[in-house]
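Novice: The primary structure of each chain is shown beneath.
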Amino acid sequence: MAVTLAVVLMPMLGAGLAAVLAPKWRPPVALTALALTLVAAVLLVRAVLMDGAMQVRLGGDGRMIGLLSADGLGSAMLLLSAVVTLAAGVFATLQAREPTGPRASYWPLSLTLLAGLHGLFLAGDLLTAYLMLEVVAVAGAAMVAWGGGRQLLAAATRYFYAELVASITFLVGAGLVWTATDTTVIAELPGRIGDDTTALLGLALMTVALLLKVPVVPLHFWLPAAHALAPSAVSPLLSGLVVKSAFVVLLRLWAGGGAEVATPVLAQLLGALGAVAIIWGGLLALRAQRVKQLVAYSTVAQLGLLVVALPMVLAGAEGAWKGGVFHAIAHALPKAAVLMAVGLLAASLGGDTVDRLEGAAAHRPLAAFAVGIAAISLIGLPPTGGFVAKWYLVVASITTGQWWWAATIVLGSLLTAAYLARLLQRCFAAAGENHDLDAPSVPTRRGIDVVALALAASALLLGLYPTWLLGLLEVGAPLEVIARG
Amino acid sequence: MSSALHWFAAAFLVGGGVALFRCRRRRHRLEGLAAMALGGLLLTLLSGPDRASAAVVATLSGLTLAGLLAVAAAMERTARRDAGTDLTLDRDPLRWP
Chain S
1 MAVTLAVVLM
11 PMLGAGLAAV
21 LAPKWRPPVA
31 LTALALTLVA
41 AVLLVRAVLM
51 DGAMQVRLGG
61 DGRMIGLLSA
71 DGLGSAMLLL
81 SAVVTLAAGV
91 FATLQAREPT
101 GPRASYWPLS
111 LTLLAGLHGL
121 FLAGDLLTAY
131 LMLEVVAVAG
141 AAMVAWGGGR
151 QLLAAATRYF
161 YAELVASITF
171 LVGAGLVWTA
181 TDTTVIAELP
191 GRIGDDTTAL
201 LGLALMTVAL
211 LLKVPVVPLH
221 FWLPAAHALA
231 PSAVSPLLSG
241 LVVKSAFVVL
251 LRLWAGGGAE
261 VATPVLAQLL
271 GALGAVAIIW
281 GGLLALRAQR
291 VKQLVAYSTV
301 AQLGLLVVAL
311 PMVLAGAEGA
321 WKGGVFHAIA
331 HALPKAAVLM
341 AVGLLAASLG
351 GDTVDRLEGA
361 AAHRPLAAFA
371 VGIAAISLIG
381 LPPTGGFVAK
391 WYLVVASITT
401 GQWWWAATIV
411 LGSLLTAAYL
421 ARLLQRCFAA
431 AGENHDLDAP
441 SVPTRRGIDV
451 VALALAASAL
461 LLGLYPTWLL
471 GLLEVGAPLE
481 VIARG
Chain X
1001 MSSALHWFAA
1011 AFLVGGGVAL
1021 FRCRRRRHRL
1031 EGLAAMALGG
1041 LLLTLLSGPD
1051 RASAAVVATL
1061 SGLTLAGLLA
1071 VAAAMERTAR
1081 RDAGTDLTLD
1091 RDPLRWP
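Protein chains in written order, with the numbering used here: chain S, 1 to 485; chain X, 1001 to 1097.
Treat the hints as calculated values from the structure; they're not laboratory data.
Misleading hints may appear alongside valid ones.
Unchecked claim - Among chain S residues calculated to face chain X with C-beta under 10 Å, some are:
| # | residue |
| --- | --- |
| 1 | Val90 |
| 2 | Leu94 |
| 3 | Arg103 |
| 4 | Ala104 |
| 5 | Ala142 |
| 6 | Tyr161 |
| 7 | Val165 |
| 8 | Ser167 |
| 9 | Ala226 |
| 10 | Pro231 |
To be verified - Per the computed footprint, the stretches of chain X lying under chain S, defined by three or more beta-carbons under 8 Å from a beta-carbon of chain S, are:
| # | stretch |
| --- | --- |
| 11 | 1023-1037 |
| 12 | 1063-1074 |
By construction, the Cβ of each residue, glycine as well, lies at the ideal position given by its N, Cα and C atoms.
Bound conformation, chain X alone (with noise of 0.2 Å):
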């Protein structure tokens, strides 16, 4: 892979993680989330020095990502059920009236 893939790769990670908190519609955040585990994950199979190793560990590592979607999309479903509204993440939960 050219050095300029792991530059935009990097800043992919960066400005989606940023993103996650600043977007204000749970259906933002899940989407930001699952093009960052996407992106993470083409990149370690892509990267892998060994192809057979590669497919496992992507496999292991989609099925955990995977799993982590399903706790997040259940948590902000949960959150929304609660009070109506989606979730606002920019402001510390300590700092609310």
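Here chain S stands alone, though its shape is the one from the complex (with noise of 0.2 Å):
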């Protein structure tokens, strides 16, 4: 139970304290709580994954006001999402002293998101998760804000409008569901959602609404200017951890009270949601001109993904839940390592189109060898851990007699493979005559790529020891209940 409360406690405390230092002790302070944090999920996995799936109910004299529920995948999420936030904060405060550095703001900032992002992780309340939900919306569009300047508030605004639209619809449909089934509790609603017209359309309420926070095509016109231009430090904690947040809940929610009234067409509905994401993302990521741009669209197409997983799971199949969880894991950690080296490559070559990264590889070959071995795992390549998503999502997409969406799958990594080899092709080309190499450029430690390194390393040893992470997000899945709908 402690180690359960610790994971969400220790990052508020963080950010409490990085709040009232003084800038200069921010940094550290923030560290050590991020470090702590990471000690303490390494412990909740290994208490899962020897004690099995745990809960925690907040409240006093009986009257239950949450419910935290620490099974395979929320701690895998929340292992995740520890990894992710450490590496941002290593590569912010390497950053520190240099003009493209984060503010004081970023620790507790990141901090809260951190909190947030666990506490959603291990909801196992509607409410619970609606107050998570608002709390990583705040972080995550306060750090977007930050850089200053009407086009970055602008972007930060429509991405904060968007998701207050999603929190509020979220709350409702929350409300309906609860009126109608007596409980917010998500494991408790298999059973009692039914033909009932209220909790019907709460659960459609709360799927929009989610559907607005992952974000999946039509409702992805926020992201691609909040995440292209957040500042590098922030950037990987949006497309690796935040979007991936809103899909856990949805996970939970359809493979728990939705799986009963989930009938083949709404099913099939929702993959093909996924699959225009899929291919809507890819094309619109080889079309775009400004590396960051290429990959927030990128992670439209990556999203898409998830979604596809959807239909597979609601048909029974216990690969697609494990594919499509370990394809949230296997994208953060190649997608965090792109948009680090790629902040790090725009600014030594004082550009952020794909053009101007003609020889970056020449100026910061580990940046660039970063943003190669993370392509390998995004196309999903063997050994790395995008391969492993791929191959239980195409087995499941098989079993379950659902071939098309292991179509769908092989395209999107085709599309993939075609606008990262364009962006690698420029990366690793010799500098052409029309370089300006005098353009003014960003002046950044070099050490700071080995950030970059490490998260696509880890990529790739995802890829070579699965087997841990295959067998905790085993622990406390609701395949029975699926199965049952």
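Given two chains presented individually in distinct reference frames, assemble the corresponding complex, making use of the accompanying hints.
Specialist: And the structure:
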């Protein structure tokens, strides 16, 4: 129980301390809090692997006001967020004395974001999930806005309003489900929704809200600008973690109460939204001129792959459950690495367009190498984590007789290879005659590249040693509920 | 609550959400947002099966929503101070000239 609370309270306490301390003390205090949170996350994963899923009821006098549920899904996502946030924290520390470095507000905000994410990954009831979605929305939008300027503020405000609309819609949906089922605990929903109109409307509203937060095409309008314009230490948190938090709630909701009402047509419709995102996001990434814009559209496409797992999960495929969550993790690590690395390459070469990266590998070989390794995982080639995830999803699509999702996943991988090959071709090409090496660039420490490389290498390690994670994802998985539905 | 009220609430939320990105003045956006938040909050308060729990949840959610509105107002104010005019949110900032 203590360790379940620690993973939420530790970053919260760190955020409070970082907010009141003098700016020079913020990085060491925040990094200590991030490191301690990572230790707590490792202990929680160990406890879940050894003892099974755990629940912590919040509130006194028999009245529950919140429920934290540490199962395989929650603890795996929690470990991921602790790793990526710590890596982003180290990255931000190394950037701190440079012109593009983070402001002092980065530290309390990143810790608040982490506390919200951890609360969300563990949320066992709808109202805890709602409150944590709000915490994540405020911290995320504030971090996007910190760079200032009208364009960035517009991107942050659009992002924040989209999150707010989604949150209010989710709150109303949760209220309606509560009315109809007498419970807000997600694990108690199976068997209670049935054909009750109020509960179904509530479920529909929560689903739309979460699809806006993930986001899934055509609700993705806010993502490219917010993710592409955010500072380099912030984008990895947004693209790697924040978008996955809504997916986790969506998965819990549909694998729980939603499974009994999900008709085959509805399940296929959800999958179709994911398929459109894979193709549309991939095509836009192919056309993108700015590097981080390319990566942002790539995120739209990769998120589609998560949603494609839903119809197979609802058909009772254990492999789709594992493959979907594995993909959420295997995407976060290389995506965070790419966003850090391209930020460094762009700063070094004094421009943020794909063409401007020509010859970047000669300037920053480690950063370019990180992009290369990360690209292998994002495409889904062996022996990376991305390959393991796609393998499980393709096998699940065939075993459930839904072969069209396998074709979509392969098409998505080809599109990913095409737009990342364009990026890599520029990075590893010799600098052309038109390349202006005297263009103004921002000096950054070379050691910082190692952070991006470490994240990219971790995606590789995940592919080489996937067994422990696949075992963890079985703990508390609601596969019996899905099979009954 | 009647089913008609549920559908009205759903239409209210979707309409408010769309309007939020179409209004060109920050005052209108914040008013729309406040109306959406109030509607959502009232629906939650009315729909809870247990009055005492509903009151606790409504208080917590109300405080959260009030905080969120304050953040939205602060962001809008910052943007106006930055450029002298209200933000336009109906176009992707990446496509700005």
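Novice: Which numbered conditions among the earlier hints are violated in the structure presented, ordered from lowest to highest?
Specialist: Per hint list: 1, 2, 3, 4, 10 violated.
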